[in-house]
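Peer 1: Note that the protein sequences, when read in sequence, are chains A and B.
Here the first sequence is numbered in numbering that gives the first Met the number 0, starting from 0 and rising by one per residue.
Here the second sequence is numbered in numbering that gives the first Met the number 0, starting from 0 and rising by one per residue.
Treat the hints as calculated values from the structure; they're not laboratory data.
Any given hint could be a false lead.
Capping the alpha-carbon separation at 25 Å, the derived lysine-lysine pairs in DSS-like fashion look like this [stated by the list, open to error]:
# : chain 1 : residue 1 : chain 2 : residue 2
1 : A       : Lys39     : B       : Lys39
2 : A       : Lys39     : B       : Lys1
3 : A       : Lys52     : A       : Lys1
Facing chain A, from chain B, some residues (calculated, C-beta under 8 Å) [said to hold, decoys possible]:
#  : residue
4  : Lys9
5  : Val12
6  : Leu13
7  : Leu24
8  : Ser25
9  : Phe29
10 : Gly34
11 : Gly38
12 : Asp44
13 : Arg58
14 : Asn67
15 : Val69
16 : Arg74
If you only want the chain A side, here are some residues facing chain B, beta carbon under 8 Å, derived [to be verified]:
#  : residue
17 : Thr7
18 : Lys9
19 : Pro10
20 : Gly11
21 : Leu13
22 : Pro15
23 : Gly38
24 : Lys39
25 : Ile41
26 : Gln56
27 : Met60
28 : Val69
29 : Ile70
30 : Arg74
Since we're looking at a predicted model, the values are computed, not measured.
A virtual CB, placed ideally from N, CA and C, is assigned to each residue, including glycine.
Number of protein chains: 2
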Amino acid sequence: MKLRVFVTLKPGVLDPQGEAIRHALSALGFEGVNGVRQGKVIELDLTEGDTDKANEQARAMCDRLLANTVIESYRIEPA
Amino acid sequence: MKLRVFVTLKPGVLDPQGEAIRHALSALGFEGVNGVRQGKVIELDLTEGDTDKANEQARAMCDRLLANTVIESYRIEPA
């Protein structure tokens with residue numbers, strides 16, 4: 000089963016990468032960019048076929064490795 | 000208007016980050032992980048209110064900065 004994990008910074012957490020992109024865009028002449036936030040999208044191809052079990056595995060992977068749950072939140076959806 | 004840009008490696012392009020995650024997951028004891036692919040999700044907060052124009056701006060930003068279109072493809076959707 001394929002699952003897609005979205006890992007994004009929690010609201011209020013400073014996003015230096017997003018800021019760097021915003022500056023780069025304005026340096027390239029793009030106007031009207033109020034804000035940029037960057038996160039990760041991780042596609043997991045799991046052997047587990049049962050949806051609930053696969054989601055449970057993915058949550059455990061997020062909690063242990065894929066997301067820093069102090070500053071990031073994650074969302075899992077079917078790929 | 001807020002748009003979300005998904006930047007992922009094109010199929011067939013080697014994903015060293017994905018491989019590193021896969022190895023780390025198995026080192027942590029997670030079994031049944033056939034493959035991992037990592038990409039970026041970039042949330043753009045644009046002043047432009049017109050949907051078509053905002054999407055056009057986002058495409059231009061992707062082509063010039065956000066995606067390396069040689070090895071990456073991108074998808075834009077409303078945030």
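Peer 1: If a hint holds in the structure, say so; if it doesn't, say that too.
Peer 2: Hint by hint, here is what the structure shows:
{"no.": "1", "hint": "A:Lys39 <-> B:Lys39", "verdict": "holds (5 Å)"}
{"no.": "2", "hint": "A:Lys39 <-> B:Lys1", "verdict": "holds (17 Å)"}
{"no.": "3", "hint": "A:Lys52 <-> A:Lys1", "verdict": "holds (12 Å)"}
{"no.": "4", "hint": "Lys9", "verdict": "violated (13 Å)"}
{"no.": "5", "hint": "Val12", "verdict": "violated (13 Å)"}
{"no.": "6", "hint": "Leu13", "verdict": "violated (15 Å)"}
{"no.": "7", "hint": "Leu24", "verdict": "holds (6 Å)"}
{"no.": "8", "hint": "Ser25", "verdict": "violated (11 Å)"}
{"no.": "9", "hint": "Phe29", "verdict": "holds (6 Å)"}
{"no.": "10", "hint": "Gly34", "verdict": "holds (4 Å)"}
{"no.": "11", "hint": "Gly38", "verdict": "holds (5 Å)"}
{"no.": "12", "hint": "Asp44", "verdict": "holds (4 Å)"}
{"no.": "13", "hint": "Arg58", "verdict": "violated (12 Å)"}
{"no.": "14", "hint": "Asn67", "verdict": "violated (14 Å)"}
{"no.": "15", "hint": "Val69", "verdict": "violated (18 Å)"}
{"no.": "16", "hint": "Arg74", "verdict": "violated (10 Å)"}
{"no.": "17", "hint": "Thr7", "verdict": "holds (7 Å)"}
{"no.": "18", "hint": "Lys9", "verdict": "violated (13 Å)"}
{"no.": "19", "hint": "Pro10", "verdict": "violated (11 Å)"}
{"no.": "20", "hint": "Gly11", "verdict": "violated (15 Å)"}
{"no.": "21", "hint": "Leu13", "verdict": "violated (15 Å)"}
{"no.": "22", "hint": "Pro15", "verdict": "violated (14 Å)"}
{"no.": "23", "hint": "Gly38", "verdict": "holds (5 Å)"}
{"no.": "24", "hint": "Lys39", "verdict": "holds (6 Å)"}
{"no.": "25", "hint": "Ile41", "verdict": "holds (5 Å)"}
{"no.": "26", "hint": "Gln56", "verdict": "holds (7 Å)"}
{"no.": "27", "hint": "Met60", "verdict": "holds (6 Å)"}
{"no.": "28", "hint": "Val69", "verdict": "violated (18 Å)"}
{"no.": "29", "hint": "Ile70", "verdict": "violated (16 Å)"}
{"no.": "30", "hint": "Arg74", "verdict": "violated (10 Å)"}
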